[in-house]
Each structure stands twice: as C-alpha cells, then as structure tokens.
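Based on the sequences and whatever the hints tell you, model everything.
Each protein sequence line maps, in turn, to chains A and B.
Per the numbering used here, the very first residue in the first sequence carries number -12; after that it's consecutive.
Per the numbering used here, the very first residue in the second sequence carries number 4; after that it's consecutive.
Since the hints were made in silico from the structure, they are not lab data.
Model, not experiment: these values are computed from the prediction.
Check the hints yourself; a few may be wrong.
[As the list claims (entries may be wrong)] In silico BS3-like links for lysine-lysine, alpha-carbon gap of 30 Å or less: (1) A:-7 <-> B:37; (2) B:37 <-> A:-4; (3) A:-11 <-> B:26; (4) A:88 <-> B:37; (5) A:-4 <-> B:32; (6) B:49 <-> B:32; (7) A:-7 <-> B:32; (8) B:32 <-> A:46; (9) A:88 <-> B:26; (10) B:37 <-> A:-11; (11) A:-11 <-> B:49; (12) A:-4 <-> A:46.
[Stated by the list, open to error] On the chain B side, residues computed to face chain A include the following (Cβ under 8 Å): (13) 21; (14) 25; (15) 36; (16) 39; (17) 65; (18) 76; (19) 79; (20) 80; (21) 82; (22) 83; (23) 84; (24) 88; (25) 91; (26) 92; (27) 95.
The beta carbon of each residue, even a glycine, is placed where N, CA and C say it ideally should be.
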Amino acid sequence: MKYVPKEIKEEVNVTAVHPLVNFGYLLGTVTLAGVILYASLGFIAARLATRIGPETEEKIGNTLIAGLISDPESASDDRIIYLTALAESLTPQDPSLPPLKIHILQPETASEDDLANSENAFAIAGGHIVFTQGLLEAVESENELAFVLAHEMGHLHNRDSLKAMGRSLVFLMLVSVLGQGQSGGARVIPATINVANLSYSRSQESAADRYAIALIVQHYDHGGGSLGFFERMQQQELDLGALNTVTEWQSTHPLTRARISRIKQIAAAQNWKMQGELTPLPEGISCVDFVCED
Amino acid sequence: MEFIIFIALLAIGFFAGSYAEQKHYLEIKQRERKSLHVPLMNFGAKQELPYAHEAQMFVGSVVIANDYFKTFAATLHNLVGGRVVVYESLLDRGRREAVLRMKEEAIAWGASQVVNVRFETSNIGGQETTRTPAMVEVIVYGTGIR
Chain A
-12 MKYVPKEIKE EVNVTAVHPL VNFGYLLGTV TLAGVILYAS LGFIAARLAT RIGPETEEKI
48 GNTLIAGLIS DPESASDDRI IYLTALAESL TPQDPSLPPL KIHILQPETA SEDDLANSEN
108 AFAIAGGHIV FTQGLLEAVE SENELAFVLA HEMGHLHNRD SLKAMGRSLV FLMLVSVLGQ
168 GQSGGARVIP ATINVANLSY SRSQESAADR YAIALIVQHY DHGGGSLGFF ERMQQQELDL
228 GALNTVTEWQ STHPLTRARI SRIKQIAAAQ NWKMQGELTP LPEGISCVDF VCED
Chain B
4 MEFIIFIALL AIGFFAGSYA EQKHYLEIKQ RERKSLHVPL MNFGAKQELP YAHEAQMFVG
64 SVVIANDYFK TFAATLHNLV GGRVVVYESL LDRGRREAVL RMKEEAIAWG ASQVVNVRFE
124 TSNIGGQETT RTPAMVEVIV YGTGIR
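Here you go:
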C-alpha cells in the first residue's frame, strides 16, 4: 500500500464553539442556579429566623454586642438615657420584641477605632442600637438624630438583623458546598449572591426609612430637618450620572440622593409637612455625660 | 475591588490566551503541511516491521500552560458537567506540537517514516491544595527509520 500524503483539514478534536459563548452558557447556568437556591433557601431561613423568641434573640444579640463593645453592661453615659427617652417618645416599646438598648461606640472602648469615628448607626438583633461617637459629633438637630434612631428602630421592628443572620447562614453554607474544590466557583458564586443580597438589603433600608419618616412626622408634626444628615452626606457623594445605578447595585444602602427623594415622595403622597421648626440638641451631645472638658 | 481584579485577570487570560492559541494553530498547520511527506505508522506485535538500514528513537515533548480564563471556565464545568471545550483545544495543540517536534527532528535526521508512535500526557503543577492553574506536558515518541 502506497502512502499518499493528505492534509486533514477538519478539526474533529476541538468542538467548534466560541469559548465566550460556552463561557456565557456556563456562567448563566451556575449563577441562575446559585441565585435560585440562595433566594429560596434564604427566604426560608429569614422566615425561620423571625420565629426566634425574644429571649433567644436577646442572647444572640448579647454575644454580638460583646464582640463590638467591651463590657456593654457597665457603660454609663447620660446620653444613653437621653437617647432611650427619645426612642420611647417616638414609639412605645413593642412587648413582642426584646427591650431596646442603646449603646454609644466610643473610640476608647470599641474594638474598632475606625468604626467608632465614622458617622454611623446600626441595629443588632436583640434590641441593640449602636450609635457611633462620630455620628453624635456630626448631627446638628434633634430631628436628624431622631430620624437615624427611628430608622434603626424600623430595622428592629422589621427584624431585619435576624433575617440577615438567617440568610448569611444559608450564604455560608452555599459557598462551602458549591465552592468546595473550585477556586473559580468559590469566587463567582459569592459575588453574584452578594449582588442579589444587596438589593434585598436596599429594600430593607427603604422599608426602615418609611417606618422612620412616619414616626418622625407623628412626633414632631413635620418631617423638616430630619434629612439634614443625609443631605450633608449627599454633598460628599459623587454624582456619576448614568453610572449611579451601577454603583447602587454594589451598595447595601440606596444612594443617599435616591433615598432622600424616595422619602420626600412618601411624605408628599401622605401630605406630610417637610418643613418646620427644628428641635435643638441638648448641649454637649458630642461628649460623654454631656460634659465637654474644654 | 477583589472582583475587579478577578475580572481583569479573566480578561487578560482570555485575550492573551486566545491570541496565543490562534498564533499557535496557524504555525501548527503550516508546519504540518511541511512535514506531511513522512508518514507515522503503527505496527502490531506480529506484523513485520518495514525494512530499514538504521533506526533511532525520537522524542517530542511540549508543555502547554492553561490560562486563567480556561481554568475558570473549567471549574464551572466541574459544577455543570459536559464537554470541557476550553481544554479540548489546549490538549489538541499539545499533541500536535509534540508530534511536530518529534517529526521535525526525525526529518532532519533523514527518516523516511516514523513507526510505532506513542503518546504520554502528564500534569505539571496544579497542586490540589494551592489550586494553581495546571500545565500539561505531552510527550510523543516513535522510532524513525531510514
């Protein structure tokens, strides 16, 4: 048999599909499955978490707060009494929820200095609301402070912190199961779930804002000045035009600009006054026990 | 930030990887046409080997690295299954390049044909614990006769 050289033109060993098409299909399948799993399991976990009784919630909350503030029980600060009274005047304690406990995060006692100096407030399961020293230094009227307080009370009212705990449990489980042995999978799944989660978190923030503005209007008869804190924050925020939506996807809170306009829309729809006299803050709100040394 | 780095690595992997692959395929096809006149033959144990004055073994080996994009696409394949398209071209390139290296050496020696060609593949790097992108080595060897 004679050998006749013949060039083989067809590529039988390589599937004729563009790598990007194949990649798109892969990524689509994996993210879709991840998001569906996370959404359904997360929903169940959040529902289950809200069934936790107030005593258990308090226990969980106490462990969480202990990691943040050293010795939260012994902290005595007249400002806490003032803030608790303010919270009580906004709305009476809901008996089905753990009693409200207010903390002030001081740079000296907090485990993280940066957090204490930032202008922030957050709610922790078990009825804890934490104000940072930085926030108390930045507020300019009681209305502003009350809005922040009411917003965090809204989170506690909606039991958002517990829901978040339930969902993060599912999140960790999914990451460890799906990400097992996969360097790539371990990266992409958290990222997509995170985006899905952030949108959920933003809707919780908006719900807390709605709750807060209703309390504020009820208490002060107007919503004036309550958004002053956000308006100052907005000035620091970059306006990226069309890119704003993109940055919003990556954040836990709605953009301050969008937030203000949403709150104003709610107020307009309810015919709430958004102007009025401001209630001044007590003297020395930025210092422990209202006593400033210099 | 971590995500941006990851996307950038993917993009680098994809563009650099596909550029290298296209260039490699063009070169492979050209060299294959040039070395087409020397046949590769395999004979069974009881078959008579072609008559030769001289015989020598030739080895061609090549190591081809995976790129970031391929690694990532393959890990996704680990979740859903199916043909790992991105690795098919990688191994195909490795085999053809190794054959070409062996053949070109044999041709330079003056072989009329290369008989009993064997392929071996082994994995280099890509340890289980560190999950570094793997590299594949393809060795082809055969007996050149003249």
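Checked hints:
| no. | hint | in the structure |
| --- | --- | --- |
| 1 | A:-7 <-> B:37 | holds, 11 Å |
| 2 | B:37 <-> A:-4 | holds, 14 Å |
| 3 | A:-11 <-> B:26 | violated, 34 Å |
| 4 | A:88 <-> B:37 | violated, 83 Å |
| 5 | A:-4 <-> B:32 | holds, 9 Å |
| 6 | B:49 <-> B:32 | violated, 34 Å |
| 7 | A:-7 <-> B:32 | holds, 13 Å |
| 8 | B:32 <-> A:46 | violated, 71 Å |
| 9 | A:88 <-> B:26 | violated, 67 Å |
| 10 | B:37 <-> A:-11 | holds, 19 Å |
| 11 | A:-11 <-> B:49 | holds, 21 Å |
| 12 | A:-4 <-> A:46 | violated, 72 Å |
| 13 | 21 | holds, 7 Å |
| 14 | 25 | violated, 11 Å |
| 15 | 36 | holds, 6 Å |
| 16 | 39 | holds, 4 Å |
| 17 | 65 | violated, 16 Å |
| 18 | 76 | holds, 5 Å |
| 19 | 79 | holds, 4 Å |
| 20 | 80 | holds, 7 Å |
| 21 | 82 | holds, 6 Å |
| 22 | 83 | holds, 5 Å |
| 23 | 84 | violated, 10 Å |
| 24 | 88 | holds, 5 Å |
| 25 | 91 | holds, 5 Å |
| 26 | 92 | holds, 5 Å |
| 27 | 95 | holds, 5 Å |
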